[in-house]
Amino acid sequence: MEFLIQGITQITWQQILMWIIGGVLIYLAIAKELEPSLLLPMGFGAILVNIPMSGVLNQTLPGIGEVSGIIDWLFEVGIGASEMMPLLLFIGIGAMIDFGPLLSNPRLLLFGAAAQFGIFATITVATLLGFPIEDAASIGIIGAADGPTSILVSQVLKSNYIGPIAVAAYSYMALVPIIQPFAIKLVTTEKDRKIKMSYNPKSVSRMTRLLFPIVVTMIAGLVAPASIALVGFLMFGNLLRECGVLRSLSETAQNELVNIITLLLGITISASMKADVFVSLNTLKIMGLGLLAFVFDSIAGVLFAKFLNLFLKEKINPMVGAAGISAFPMSSRVIQKMGLEADSQNHLLMHAVGANVAGQIASVIAGGVIIGLVPGLM
Amino acid sequence: MDIDVLNSFKLMGMGMAAIFLVIIVIYASVRIMLKATAEDK
Chain F
0 MEFLIQGITQ
10 ITWQQILMWI
20 IGGVLIYLAI
30 AKELEPSLLL
40 PMGFGAILVN
50 IPMSGVLNQT
60 LPGIGEVSGI
70 IDWLFEVGIG
80 ASEMMPLLLF
90 IGIGAMIDFG
100 PLLSNPRLLL
110 FGAAAQFGIF
120 ATITVATLLG
130 FPIEDAASIG
140 IIGAADGPTS
150 ILVSQVLKSN
160 YIGPIAVAAY
170 SYMALVPIIQ
180 PFAIKLVTTE
190 KDRKIKMSYN
200 PKSVSRMTRL
210 LFPIVVTMIA
220 GLVAPASIAL
230 VGFLMFGNLL
240 RECGVLRSLS
250 ETAQNELVNI
260 ITLLLGITIS
270 ASMKADVFVS
280 LNTLKIMGLG
290 LLAFVFDSIA
300 GVLFAKFLNL
310 FLKEKINPMV
320 GAAGISAFPM
330 SSRVIQKMGL
340 EADSQNHLLM
350 HAVGANVAGQ
360 IASVIAGGVI
370 IGLVPGLM
Chain X
0 MDIDVLNSFK
10 LMGMGMAAIF
20 LVIIVIYASV
30 RIMLKATAED
40 K
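Residue numbers (numbering that gives the first Met the number 0), protein chains in the order written: chain F, 0 to 377; chain X, 0 to 40.
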């Protein structure tokens, strides 16, 4: 009867800690509604993979040999072999995004680029803390404010920290309404936040909407070929949306595809939340660095807008620059709210949405650029 | 200074330059598309 208590006798304190972490993630998902679609599966998965001799993981059984576990298998097939899950998710994200506000004011694209600075600043801080460049780059990409990009980059660079990186990326995305106001207030005055911007959108032709995903894919592919999987799948999803003849495919991509992949992605990521890897001082460092990345991103976006204002007749509200991170649509809502707090007539939503979708494009380009550049520096 | 720290500065320079280059080319292309297709509104 010894086998009945075999599991209990093998419990380690690290595994108990992971159960608590799993419980906290489930609590945050249900009670606080923080990214519940990802944090709940990840939390439950963290418990599943940290039960001694868990059958969801690959294991060697006496007399039988190697037995595959479902979560290890899902990770190997869905993320490890081809990064399929995060990439397929991009089709759905692309189908959800309306690039109209950006196309009607294309200079907002620049904010998307500027707000990626946090990624690189965080990489430098991570290397100063002793992380090797491939892990530092994977940690920095938390600043892309885009969960699938973070997972994909850390997987391609074979980082040892994919679990903590995914947890940090999704947690901080949910915390954008707290992080961004703090960061923005550090570098803006009340007067800055009161700057009003008129909204006179240029009309965007159907042809432009159709050409945009194709042109972006071609440009990103030719200049930064490593970004083509990320950008290409995002833009493929957007072309499904804009073509007008594949409505049911577009709706499937936005709903069923995203739901299925999200459901599996969360629990699959938990394969990288095994206690022996996850419970370490480096996990705490990664959580701190992830927060820093979001703060740096927001500050860089604001400062870039202030820099542009030196040359512009019609001033930009610097807070719009902070919406250049890709946490869509939370970031644009934060900017709208802060604009209204500064002045009840200050409506910045459409400008912020434009910068926010620009951030979505720039963050996947940043992911591709890092995948392309880092191997040459290792 | 540690080689990884130096490489991170290199990555920052090259990375931001590459992102801005791609974004500026996209920006120019969008302006051209908007102009060229203005009559299709």
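None of these hints come from the bench; they were simulated from the model. Hints are not guaranteed to be accurate.
Ranges between beta-carbon positions, derived for each pair [what the hints assert, rightly or not]:
id, chain 1, residue 1, chain 2, residue 2, range
1, F, I19, X, A35, 20 to 30 Å
2, X, I31, F, W72, 30 to 40 Å
3, F, K312, X, A16, 25 to 35 Å
4, X, A35, F, Y198, 23 to 33 Å
5, F, E255, X, I31, 17 to 27 Å
6, F, W72, X, A35, 18 to 28 Å
7, X, A16, F, Q13, 50 to 60 Å
8, F, G54, X, A16, 45 to 55 Å
9, F, C242, X, G12, 31 to 41 Å
10, X, A16, F, R246, 33 to 43 Å
11, F, V23, X, A16, 34 to 44 Å
12, F, G22, X, A35, 17 to 27 Å
13, X, A16, F, C242, 44 to 54 Å
14, X, A16, F, G64, 51 to 61 Å
Ideal Cβ placement from N, Cα and C applies to all residues, glycine included.
Okay, the hints, checked on the actual structure:
The given range of 20 to 30 Å is broken by I19/F and A35/X, whose C-beta atoms sit roughly 59 Å from each other. Distance hint for I31/X and W72/F: a CB-CB separation of about 48 Å, inconsistent with the stated range 30 to 40 Å. Checked against the hint of 25 to 35 Å, the pair K312/F and A16/X passes, with Cβ atoms roughly 28 Å apart. Restraint check, A35/X to Y198/F: a C-beta distance of roughly 24 Å satisfies the suggested window 23 to 33 Å.
Take E255/F and I31/X: their Cβ atoms lie about 37 Å apart, and the range 17 to 27 Å is violated. For W72/F and A35/X, the Cβ-Cβ distance of about 50 Å falls outside the hinted range of 18 to 28 Å, so the restraint is violated. At roughly 43 Å, the beta-carbon separation of A16/X and Q13/F lies outside the given 50 to 60 Å, and the hint is violated. For G54/F and A16/X, the Cβ-Cβ distance of about 49 Å falls inside the hinted range of 45 to 55 Å, so the restraint holds.
A C-beta distance of roughly 39 Å is found between C242/F and G12/X, which places it inside the suggested range of 31 to 41 Å. Evaluation of the 33 to 43 Å hint for A16/X and R246/F yields a pass: the beta carbon distance comes to about 40 Å. V23/F and A16/X have their C-beta atoms about 40 Å apart, which keeps the hinted 34 to 44 Å range intact. Range check, G22/F to A35/X: about 57 Å between beta-carbon atoms, so the 17 to 27 Å window is missed.
Evaluation of the 44 to 54 Å hint for A16/X and C242/F yields a failure: the beta carbon distance comes to about 34 Å. Restraint check, A16/X to G64/F: a C-beta distance of roughly 52 Å satisfies the suggested window 51 to 61 Å.
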